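Top to bottom, those sequences are chains A and B. If you count the first sequence from 1, you need to add 152 to reach our numbering. If you count the second sequence from 1, you need to add 146 to reach our numbering.
Just so you know, the hints here were simulated from the structure itself, not pulled from any lab data. Hints may be right or wrong, so weigh each one.
[What the hints assert, rightly or not] Interface residues of chain B toward chain A, partial, derived using beta-carbon atoms under 7 Å:
no.	residue
1	Ala209
2	Leu211
3	Phe243
4	Phe245
5	Ser247
6	Ala249
7	Tyr251
8	Pro263
9	Arg266
10	Ser268
11	Leu319
[Stated by the list, open to error] Here are the simulated EDC-like cross-link-like pairs (lysine to aspartate or glutamate), alpha carbons at most 20 Å apart as the crow flies:
no.	chain 1	residue 1	chain 2	residue 2
12	B	Lys257	A	Glu311
13	B	Lys257	A	Glu221
14	B	Lys240	B	Glu282
15	B	Lys213	A	Asp308
A quick note: this is a predicted structure, and the numbers were derived from the prediction, not measured. All C-beta atoms, glycine included, are put in the ideal place defined by N, C-alpha and C.
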Amino acid sequence: MGKKIHFFNTILFKISGTLLELQQVFMKSNPRTYIISKKLDGFFSDVYAIMSFIGKFFRELGPPYEWREIIRQCYMVGWKSLPLISVTSFVVGIVFTKQSRPSLSEFGATSWLPSLVAIAIFRALAPLVTALIAAGKVGSNIGAELGSMRVTEQIDAMEVSATNPFKFLVVSRVLATSCMLPILMFYMAFISMIGAYLNILVNEDTSFSAFFIKALEKITFLDFFSSLIKTIVFGFSIGIIGCYQGYNATQGTQGVGRAANFAVVTSMFVVFIEEIIAVQITSWFR
Amino acid sequence: MHKKTRHTNIQDQHADIMIRDLHKSFGANTVLKGVNLDVFRGENVVVLGRSGTGKSVLIKIIAGLLKPDSGTVVVLGKNVPALDDKELLQLRLKIGFSFQSSALYDSMTVKENLEFPLLRNSRNLTRAEINTHVEEALDAVGLKQTILQYPSELSGGQRKRIGIARTLIMRPLIMLYDEPTAGLDPITSVEINNLINEVQERYNTSSIIITHDLTCAKATGDRVAVLLDGSFIRTGSFEEVFATRDERITSFYKYNFIN
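Assemble the whole structure, with the sequences as input and the hints as a guide.
Next up, the structure:
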């Protein structure tokens, strides 16, 4: 993995170098092209930097592990997100069921409601909503925490005390988000289904077990597996982007705010892109 | 108040830190322009200069936190800019760095702050031995009672002391102090100055003390070097440095509140 990233980075470095040469050519002759070239160079430099950061993550992934910090981060990411995830998922379940009922009842197909809700929740809503909540709550937290550690020289202090701050701060957080997001996703799916059941119960008399049997009969192993892989990727992206922004924060408290903000915005953007790719890939296997 | 130099034959010894023709720029801003400095075993060298003259940059280069543009920085016989990550890690075991902001880890107690480098660099130590090391380091800075407190519960002076204790726990040969008395009241400043001298005597450390506080410079420095416009313009004992009519140096004295 590290070698592939290194190869990719070499290409990016060459593109950036070529753009830099082009900039010098266009600087005088064509100012507009110069500005575009400069922006493109900035973009490729950023991609290069984040790819190097990811490469470093995989190089540092081996033992010894900072178990205590990993467990602490799992607690922060997982347990501390439960109240927000619980409320949101319950509401998502109720609202989605309530909004879907009129359309299905037009065709006399309200009996399909549990399956429809289950498919929507397992395939798309639970992974995506969990990831968006995590991007907002966990991503900003990681960005701000590491950013403030950077500007108050705490990361430098770890470096000069002959320890590895990357392993302690970055690897532990990215592992925590990658491990906890799938768990949160399944928890969210379960709570959403309870919300959906309660909404159905208001309109028709159905038992909890009957609802769940009906709901899960359309859920395949592929749905389960693709959502699991997807949320691991979402968790990794949120963790690595938050850490990258925080770890490279500059310019004092303003930089901390910017790191937290960029962590959220970039994570959400990347999650949406990954969702589109994941849907495309999964559809090939259906 | 003025420090008595213990080490009369310092200049005869091998230099623990040797800097030659050091240059460093940040974009168009050239901070260091050909800095030369030697620090001998057991010596406290004070680097005096106005804000923004590159004092902190100098010690960050010595600790390997920044890369110089050119020049040689030899610390304990190793050329710092040429070291790879592993070699740098080994060298840093012998360097203590006290940050201006203390840089204590907010999420950890004082005990955990002190244990942090020890747990990761001395893995063969037992829990009892680690506790002994922590207590000894806290004892050295006179703050044993704060062991279970968080950095946010400490005063500025206590934070500085804990920051120094955290570096002492690894028994460094070299100490780098970045503005040790900045933002402290005069009494606490004197306590920190005394602590710097105690550390030198107890652990025989070679130190660079970055400051613009003349009281600190006089109390702790065996030698004083004045950094201006990117290079040292005068080096010597405190009295030698200020026995001049050079306005750039005398103005420093004039505007400092010193007896």
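Okay, the hints, checked on the actual structure:
1. Ala209: 5 Å, holds
2. Leu211: OK, holds: Leu211/B within 7 Å of chain A, min 6 Å.
3. Phe243: Holds: closest Cβ of chain A sits about 4 Å from Phe243/B, inside 7 Å.
4. Phe245: 5 Å, holds
5. Ser247: 6 Å, holds
6. Ala249: Result: holds, 4 Å to nearest chain A Cβ.
7. Tyr251: 6 Å, holds
8. Pro263: 4 Å, holds
9. Arg266: Hint holds; Arg266/B Cβ to chain A Cβ min 5 Å, cut 7 Å.
10. Ser268: Not OK, violated: Ser268/B not within 7 Å of chain A, min 10 Å.
11. Leu319: At 13 Å from the nearest chain A Cβ, Leu319/B fails the 7 Å test, so the hint is violated.
12. Lys257/B - Glu311/A: Holds: Lys257/B and Glu311/A sit about 19 Å apart, inside 20 Å.
13. Lys257/B - Glu221/A: Between Lys257/B and Glu221/A the Cα gap is close to 16 Å, so the pair holds against 20 Å.
14. Lys240/B - Glu282/B: Given that 20 Å is the threshold and the Cα spacing comes to 18 Å, the pair holds.
15. Lys213/B - Asp308/A: Holds - the C-alpha atoms of Asp308/A and Lys213/B are around 14 Å apart, at most 20 Å.
Checked against the numbered hints above, the structure breaks hints 10 and 11 and satisfies the rest.
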